[in-house]
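Read top to bottom, the protein sequences are chains A and B. Per the numbering used here, the very first residue in the first sequence carries number 1; after that it's consecutive. Per the numbering used here, the very first residue in the second sequence carries number 1; after that it's consecutive.
Hints are not guaranteed to be accurate.
[What the hints assert, rightly or not] In silico contact screen, one side only, chain B against chain A (beta carbon under 8 angstroms); selected entries:
1) A53
2) L57
3) A91
4) S98
5) T150
6) I154
7) L155
8) Y270
In case anyone wonders, no lab produced these hints; they're calculated from the structure. Built from N, CA and C at the ideal position, the CB exists for glycine as well.
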Amino acid sequence: MIAALREAAIAAAVAFGLFVLLVGLKTEPGSAGTLILRERFGDVALLCGLVFTGRLLMALWRARRAAVEPGAPTRLAALTGRLGSWLAPALLATALLLPWLPGIGRSELDLGILVLTYVMLGWGLNIVVGLAGLLDLGYVAFYAVGAYAYALLAQYFGLSFWICLPLAGILAAFWGVLLGFPVLRLRGDYLAIVTLAFGEIIRVVLVNWTELTGGPNGISGIPRPSFFGLPFSMGGEEGSFAAVFGLEPSPSHRVIFLYYLILCLALLTNWVTLRLRRQPLGRAWEAMREDEIACRALGINLTATKLSAFALGAMFGGFAGAFFATRQAFISPESFTFIESAIILAIVVLGGLGSQLGVAIAAIVMIGGFELFREFDEWRMLIFGGVMVAIMVLRPRGLVGTRTPTIALGERRKISAELVQEGRG
Amino acid sequence: MAYALQQLINGVSLGMIYGLIAVGYTMVYGIIGMINFAHGDIFMIGAFVSLIALLLLSAGGLMEGPAAILLVLVISVAITGLYGWAVERVAYRPLRGSFRLAPLISAIGISIVLQNFVQVAQGARPKPSEAVISGGIELMREGDFTVQLTYVQILIIALTLAVLAIFTVLVTRTRLGRAMRACEQDRRMASLLGIDTDRTISLTFVIGAALASVAGTMYLLRYGVIDFYIGFLAGVKAFTAAVLGGIGSLPGAVLGGLLIGLIETFWSAYFSVQYKDVAAFSILVITLIFLPTGLLGRQEVEKV
């Protein structure tokens, strides 16, 4: 108890040091363009008190827990493993039926579309990070390439969404290979920083190449998607979606269509990933993630393996980007900042690298939670970052911490993720 | 000629700032092999603490001129060093021995936390500050263009050299420096020989943060405007500097910082200001492809 109190007091003293200037004194614009300081020492006292109690409770809890033998995390892992067998079909069924469930309005469906976009991005990045073990901090660049590809092709050549969608994917994959070439020789951390630099380069170019991309103002008036050629129009005139199917024209048609479109795209990503994992290419990815040197010794072509991972991951990013552009009808470089890459990476990592179900759950929790905190606009990124650190410290292996080997001799068993070494790159 | 000389002066003073931040990256990488992604934001914290301390001193009317700057530096180093310590303790130490990506992701989380903490606590708007030191020495005149070496630039160069001298003595001559170098070579062996490795690593973070806070103070004095986002770009560029100089090498970090500062300044002066960040990032990519060990780095041997 005394030790706990002492630890808490030390923590409070540190907190005082951290917060006394940055929280205690707020700089505000005063008269004549200079800054003045406003005192807020009450807040500092409050924060120190919070840190003191928090640390005290933690120390007491640790002392009690020390008596219990360690082993609880594995129980949790087993539980998620069991839940997983029926959770995935349940989630899929909910996703399919969502627009028809009672109490689902326009805003809920919009949230669903947003979550599914991130699920798709997460699954796309999962190919690069989770399967191939290449840490990519610039994934949003491919998302941007896809979005701008659709916007520009539609604006300059009048191409429709359905022609642009594959083109956006191909262009993004091309950029993926282009990025892949120089970074082939780099390992883990270096790769992360170079991909980050690449993402920033693309964004800076988008901001500054005003003649083509509209610069910081972005591109507006991007054509909305049609139902395979039938436009969604409110007038209900000849040849529109509502007229052909004999429905009452309603704005919700387009939202429901967009919802199913992104659902299909996301499921396509999932399906391709799951199929590829059983094929030589997918197995080469996973082998490369585990040990590059052993891979090379076994005659696997690392260049082709890495480039294909980059290209495929980028292609799905490009699809998602084209979808984003058509849904928003407006894009600007603002949407493709580093923080976006960090969010997608956080989804993949928190879901448990390489786990498809984990990524979906993480996307639902993170993006859904993010929207819940919309009122606390300034605070939510702060909380987001804090949650990222907390999950890394408490459960570094993510929410779904077990793996079933894609292929095995004899009986297939679940293995603990502790035995899998991701990201050695 | 005069124009180029002016750019040279500007580039060197900018490069000194990058160099000081880069030393923090390279030290942490050398000792625990991770990229401390939040280091740029530690630099930003240093700049904000300096700004508040400066306003506090001038509001009290206690001090003027050099003495005030010295006191600001001391406050900034103390508080930013505490941030460095707290970050390591909370976000990195529990992850030691975890898989490789874990500390990097935790560091990204800390970077987001620090940025948004400052945004919430101090507001999102850029903070202008009055020039504390103004004026300079006129070096040469060519037509109507004068080459000026401002007092702030002199201060930056002198201060950086002084700080680096202290730092070099610390690493090469003291017990702590020896412990740090030992941990860098073999952490397990060092701990077997009675070195408190946790403490050494903590102190490494504190020293790195202290150097970054000096850089933050100088950035504030030189540019006069800071906001909560300056840490990101400065961090990436300083990292580029560390890689260019050869990560793990302390003189390399300073050399890399100077080169990056010069390249960025000359690029903006002669080509285009908009694409100066692209220039810095491209150097990072090019270095890693053609010179992965950097200018002064050691060849890393990969063992099975």
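Hints, verified against the model:
With a least beta-carbon distance of about 7 angstroms to chain A, the hint placing A53(B) at the interface is held under the 8 angstroms criterion. With a least beta-carbon distance of about 11 angstroms to chain A, the hint placing L57(B) at the interface is violated under the 8 angstroms criterion. About 5 angstroms separates the beta-carbon of A91(B) from the nearest beta-carbon of chain A, less than 8 angstroms, and the hint is met. Look at S98(B): its Cβ gets to within about 5 angstroms of chain A, closer than 8 angstroms, so that hint holds up.
This hint is violated: T150(B) has a C-beta 21 angstroms from the nearest C-beta of chain A, more than the 8 angstroms allowed. The interface hint given for I154(B) is violated, since its Cβ lies 25 angstroms from the closest Cβ of chain A, which is over the 8 angstroms cut-off. At its closest, the beta carbon of L155(B) sits 21 angstroms from a beta carbon of chain A; the interface hint therefore is violated under the 8 angstroms criterion. Violation of the interface hint for Y270(B) is found here, the shortest Cβ-Cβ separation to chain A being roughly 17 angstroms, above the 8 angstroms cut-off.
When held up to the earlier numbered hints, the structure conflicts with 2, 5, 6, 7, 8 and fits the remainder.
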